[in-house]
Every structure is written in structure tokens, then in C-alpha cells.
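**Q** Residue-level listing of the chains:
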Amino acid sequence: MSPAMRFTTLVTLISFIPIGWHFGTVFELWGSAPETRVDFFIRIGIIVIGSIVASIIGAIITTVLTGKEDFEPDERETLVLRKAELAGYYSLAACICYLMWRAFDPLSPMQIANALLAAFTWSEFVKLVAGFVLLRRGV
Amino acid sequence: MAKRPPITNRVKELREAHEGLSQSALGEAIGVTRQTVIAIEQGRYSPSLESAFRISRVFGVGLEDVFGWEGD
Chain A
1230 MSPAMRFTTL VTLISFIPIG WHFGTVFELW GSAPETRVDF FIRIGIIVIG SIVASIIGAI
1290 ITTVLTGKED FEPDERETLV LRKAELAGYY SLAACICYLM WRAFDPLSPM QIANALLAAF
1350 TWSEFVKLVA GFVLLRRGV
Chain B
892 MAKRPPITNR VKELREAHEG LSQSALGEAI GVTRQTVIAI EQGRYSPSLE SAFRISRVFG
952 VGLEDVFGWE GD
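Those protein sequence lines, which keep their order, are chains A and B. Numbering-wise (the numbering used here), the first sequence opens with residue 1230 and increments by one. Numbering-wise (the numbering used here), the second sequence opens with residue 892 and increments by one.
Pulled out of the complex, with its shape left as it was, chain A reads as follows (with noise of 0.2 Å):
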């Protein structure tokens, strides 16, 4: 695994504590769910910028550290990044299933909304663990 990566990598799965925090909060695993539309946008609104200022900070520390500008992949990075994508679109598909199978469940729109949002970051995670695996792996 490049230096690039390994960062880019490290910086998305940090970026999963809060977004994990937050959905075990809204399906009631722990700690409370925003009460309030506006709480709710605040705390996406944080989650959201944290993200990218996290990102911004991996992408300065990786040209510092590698001495290159930006992330190119190599061949086999490629063949790696796209059947990791693909991983993804099967672990989507298959929340949006479960999502179906669960439609005539008496679920409230916060949290229906909040499995749509869970769905894609579930399936985002899927993508990189399946990524990091393939490279690990050999492809």
C-alpha cells in the first residue's frame, strides 16, 4: 500500500468514529438522538465539515510526507480502487433491500432518512475495507 493511500485510508476510517457515533445514537444504541430538525442538521453540519477539513489536513500531510501533489494510482492500485467500487454497489444494494424488506416496519422519518444516510456510509466503509483487504491480499 503507497504512503498516498495508507493516508487517504487512515483520514476515511477516522472519519467513521463520529459517523458511526451519530447513527448509534439515532437507532438508539447509545447516547441520544437529536431531538430537533435544526440539532440534527447542526450535527450532520459538523460531521460533514469535520470530514472535509480531515480530508484537506490527509491530502497536506500525504504531499508532505510523499513529496507528491496528488494520488495517482498504478495499475493494479486501479484494478484494486475499482473492484473495492464494486464492493460498494453490492453492500448498497443490499442495505436498499433490507431497507424494502423493512418499508411497512412503523419507522419515523428521522430515522428512515438516517438509514438512507447509513446505507451509503455503510456501503462507503465496505469500500474501503474491501480496498484495503485487495491490497493486502493481492488482487
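No lab work stands behind these hints, which were simulated from the structure alone. Hints are supplied without guarantee of correctness; some may be wrong.
Cβ-to-Cβ under 8 Å is the rule here; a few derived chain B residues that face chain A [to be verified]:
1. 900
2. 909
3. 923
4. 927
5. 936
6. 943
7. 945
8. 947
9. 951
Straight-line C-alpha distance at most 25 Å; calculated SDA-like pairs for lysine to any residue [as the list claims (entries may be wrong)]:
10. A:1312 - A:1302
11. B:903 - A:1238
12. A:1312 - A:1342
13. B:903 - A:1367
14. A:1312 - B:953
15. A:1312 - B:896
16. A:1312 - A:1242
17. B:903 - A:1365
18. A:1312 - B:925
Among chain A residues calculated to face chain B with C-beta under 8 Å, some are [said to hold, decoys possible]:
19. 1303
20. 1304
21. 1312
22. 1367
23. 1368
Even for Gly, the Cβ is constructed at its ideal location relative to N, Cα and C.
Starting from the known structure of chain A, arrange chain B on it as the hints suggest.
**A** Just chain B now, kept in the frame of chain A:
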């Protein structure tokens, strides 16, 4: 574990015989990262035809002197 491709190679052997050419230098010469060179040497990745030709050109040998089919 992923199934290893049935392609064998002598990249490591040729690299060491080629004045101890480093993995980074070989990677730079053929346009891939050091990690990809390691993966090729360990048989975890089969390079594209273009990279295979580039590798054989670096060592000044034919393609079949670098790569082979398992069992041949």
C-alpha cells in the same frame, strides 16, 4: 486467500542480477509503485502486458525470459 495467478516470474532474480536494482527503481522505470513490484515478485499480482514488456525491456531480455506459465 486469493487464488494466485498461474503466472511465474523471475523479476526478483533478474533484479538482483541487474546490479542489485532496487524495487523502487524498477517501479519507477516501469511506472508502478514499489508495493506493486513487491506484489509482482511475490506472485500476488500479474502485471499488465504493457508493464510486462516494460520489465523485460529494463532487463534487456525477452518476455518469456521473465514470465512463464506455471508447470511449463
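**Q** Each hint should be assessed against the structure and marked as holding or not.
**A** The hints, checked one at a time:
Hint status for residue 900 (chain B): violated, given a least beta-carbon distance of 14 Å to chain A, over 8 Å. Because the smallest distance between the Cβ of residue 909 (chain B) and any Cβ of chain A comes to about 21 Å, over 8 Å, the interface hint for this residue is violated. At about 4 Å, the closest approach between the beta carbon of residue 923 (chain B) and any beta carbon in chain A falls short of 8 Å, and the interface hint on this residue holds. A least Cβ separation of about 4 Å between residue 927 (chain B) and chain A falls short of the 8 Å threshold, and the interface hint therefore holds.
Interface hint at residue 936 (chain B): satisfied, since its Cβ lies 5 Å from the closest Cβ of chain A, which is below the 8 Å cut-off. At its closest, the beta carbon of residue 943 (chain B) sits 11 Å from a beta carbon of chain A; the interface hint therefore is violated under the 8 Å criterion. Residue-level restraint check for residue 945 (chain B) is violated (minimum Cβ-Cβ distance to chain A is 11 Å; threshold 8 Å). Annotation: interface hint on residue 947 (chain B) violated; nearest CB of chain A at approximately 16 Å, more than 8 Å.
Annotation: residue 951 (chain B) was flagged as interfacial toward chain A, and the flag is violated, the nearest CB pair being 22 Å apart, outside 8 Å. A threshold of 25 Å between alpha carbons decides the hint, and for residue 1312 (chain A) with residue 1302 (chain A) the separation of about 14 Å falls inside it, so the pair holds. Between residue 903 (chain B) and residue 1238 (chain A), the direct Cα distance comes to roughly 29 Å. Violation of the 25 Å bound is thereby established for this hinted pair. Between residue 1312 (chain A) and residue 1342 (chain A) the alpha-carbon distance is near 28 Å, which puts this suggested pair outside the 25 Å criterion.
Annotation: proposed proximity of residue 903 (chain B) to residue 1367 (chain A) holds, straight-line Cα distance about 18 Å (limit 25 Å). Restraint check for residue 1312 (chain A) and residue 953 (chain B): the C-alpha separation of about 31 Å exceeds 25 Å, so the hint is violated. The hinted pair formed by residue 1312 (chain A) and residue 896 (chain B) meets the criterion: a straight-line CA distance of about 17 Å does not exceed 25 Å. Under the criterion of a C-alpha separation no larger than 25 Å, the hint pairing residue 1312 (chain A) with residue 1242 (chain A) is consistent with the structure, at around 19 Å.
Taking the CA atoms of residue 903 (chain B) and residue 1365 (chain A), the gap is near 19 Å; set against the 25 Å cutoff, the hint holds. For a cut-off of 25 Å, the pair hint linking residue 1312 (chain A) to residue 925 (chain B) stands: about 21 Å separates their Cα positions. Interface hint at residue 1303 (chain A): satisfied, since its Cβ lies 4 Å from the closest Cβ of chain B, which is below the 8 Å cut-off. Proximity of residue 1304 (chain A) to chain B holds as hinted, the smallest CB-CB distance being about 5 Å (cut-off 8 Å).
Evaluation of the residue 1312 (chain A) hint against chain B yields a violated restraint, the C-beta minimum of about 11 Å exceeding 8 Å. Annotation: interface hint on residue 1367 (chain A) holds; nearest CB of chain B at approximately 3 Å, less than 8 Å. For residue 1368 (chain A), the shortest C-beta to C-beta distance to chain B is roughly 6 Å, which falls under 8 Å, so the interface hint holds.
The structure fails to meet hints 1, 2, 6, 7, 8, 9, 11, 12, 14 and 21 from the earlier list, while all remaining hints are met.
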